[in-house]
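Chains A and B, in that order, give the protein sequences.
What the first sequence shows, in this note's numbering, is residues -1 to 106, in sequence order.
What the second sequence shows, in this note's numbering, is residues 232 to 685, in sequence order.
No false leads were mixed into what you were given.
Subject to a maximum C-alpha distance of 25 Å in a straight line, what follows is the list of computed SDA-like cross-link-like pairs (lysine to any residue): (1) A:K1 - B:E607; (2) B:K675 - B:E391; (3) A:K35 - B:D503; (4) A:K89 - B:I656; (5) A:K56 - A:E41; (6) A:K72 - B:E365; (7) B:K530 - B:E469; (8) A:K35 - B:G502; (9) A:K72 - B:G552; (10) B:K565 - A:T84; (11) B:K233 - B:A256; (12) A:K48 - B:E609; (13) A:K89 - B:G245; (14) A:K42 - A:E101; (15) A:K89 - B:I661; (16) A:K72 - A:G16; (17) B:K575 - B:L627; (18) A:K72 - B:L668; (19) A:K42 - B:A610; (20) B:K286 - B:E325; (21) A:K15 - B:S371; (22) A:K1 - A:K48; (23) B:K374 - B:S670; (24) B:K305 - B:D324; (25) A:K27 - B:T505; (26) B:K234 - B:S490; (27) B:K575 - A:N86; (28) B:K530 - A:R26; (29) B:K608 - A:L96; (30) A:K15 - B:G367; (31) B:K528 - A:E29; (32) A:K37 - B:T505; (33) B:K608 - A:E99; (34) B:K234 - B:E482; (35) B:K530 - B:E482.
Treat the hints as calculated values from the structure; they're not laboratory data.
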Amino acid sequence: MKKIKLIEIAHARSGDKGDGVNIGVIARKPEFYKILKEKVTVEKVAEHFKGWVFGEIKRYELPNIHSLNFLLEKALGGGATESLRTDNQGKAMNAALLRMEIEIDSEQ
Amino acid sequence: MKKVRIGTGSGYWGDRFDAADTLAAKGNVDYIAFDYLAELTMSIMQKQKNKDPKKGYATDFLSVLKRILPECKKKGIKLIASAGGVNPEALGDEIVSIAKGMGINLKVALVTGDNILDRLDELEKKGCTFLNMENGEPFSSVKGKITNANVYLGAEPIVEALKNGAEIVITGRNTDTSLFLAPMIYELGWKSRDYDLLANGICFGHIIECGGQVSGGNFTGGWENVHDLANLGWPIAEVYENGTAIITKPEETGGLVSSATVKEELLYEIGDPTSYITPDVIADFSQVYIEDAGVNKVKVSGAKGTPPPETLKVSIGYADGFKAFAEISYAWPKALKKAKIADKILRERFKIIELEAEEIWTEFIGYNSILGPISEKEALEPEEVRLRIGIRTKSLAEAQKLAPEVPCLVTCGPPNGSGYNLGRITPQEILAYWPALMSKSYVKPDVIYKESKV
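Bound conformation, chain A alone (with noise of 0.2 Å):
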């Protein structure tokens, strides 16, 4: 086994719904969307969010494109006018997310 950060066999946008955000999560090579399937669970999403998402977390999948999709509630402090955040809209939480460590077989 290794660790690996999520960034090297993905990417991802995320966007603002209402005090949600949403994070489409994409393989960067079709054989990866098994990992990221495996991987990248809710529970380990939300241990990575831990203090800075306090609502529930959905994870959906996108198989055609290898890809999936998380929404986070309660994770803008108070959605985008609300919030007192410098990220109020959530343009970064992708980042945050591609930065979580996952481990994976070492031949992958």
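Fit chain B to the supplied structure of chain A, relying on the hints for placement.
Coordinates of chain B only, in the frame set by chain A:
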């Protein structure tokens, strides 16, 4: 096979002002659609109209029109814009006046019926509850503070305008995707029950409606290899009657359209991909295919559709207090420690001066201001740090208490405090978003026409 080429001339109010120039000049497009609306843009426009009854629309569109109208008229390019805000008729008059000034004959259509601000009492009596669809809170908690109320309309009234020969269609709070779907329905002969075709149309509209974000901007999948973003080419969907499309951009422009940029944008601001709800169709994006089809050409297909719901979404804005921010920078040595002490001093001062805040929020720019605790985990001691403190208050008077406390930090705080910004400290009123649903039976869109005849 029939096809239509639609370009995006604006993704939001304040987008690059010359975006549509290249589309009109060499995009070989049939339509240019302009989206000007975010959730609370209507609130801002309503405030402008309250001050001046002739305002309340996206003035940007008039500047665009002055640049491209003669070329569009010559080539027969039609324009569809959600620029009408809360005053489509005033914008319509301005458009006609510009056309007359240029000696151009023009038929303009104005879609109305979305604005229900004056109908809220009537609609409540008819049984509309306007419960907050995100948190279930009752409408009574914000009544009296409402700044705007607009229903999201679909493609139908725009299609009607096109059938009646409109060359420019102006809407209020139409859905972003309806601006793009309408010309597909009109040109390709799609019917209101062709749910799969409509769903694909919504998908293509969603992909290009944010402008530069699909043609190389905000791209994490390889941004360092995207060139010439200063001349970024604005996206075009070439849509075929069988419900497939090629996403592309004008020749000899900067940026990039690739399967990776299109995938990122398909996923932008969506929730459950199997249920993208619009007034026209519920689209399922989960089975979509996105494939490279040449240089800056990407084929998109495979969305599925089911009938739209009986309800329409309502965008309600309300005033919800004020916020103010202050910033000051600290340098080596121990920049972070100095900034943290300055923060502590400010918070103690708030108690002394009895500043009543709903929330106080501190960030250290250069350390944790964007990614929060995720940055802190791996951060090194920064060379310099900028303290940014924000407060949210019920009244303007409370928010105004922040400003006088900041300059004193230089002389009464840790050493080297520099660059405090009193210029940007002016409190802003918070306009908050109240999304709700209502029965569509109470909404009757109307289309008004204005003409320039020279």
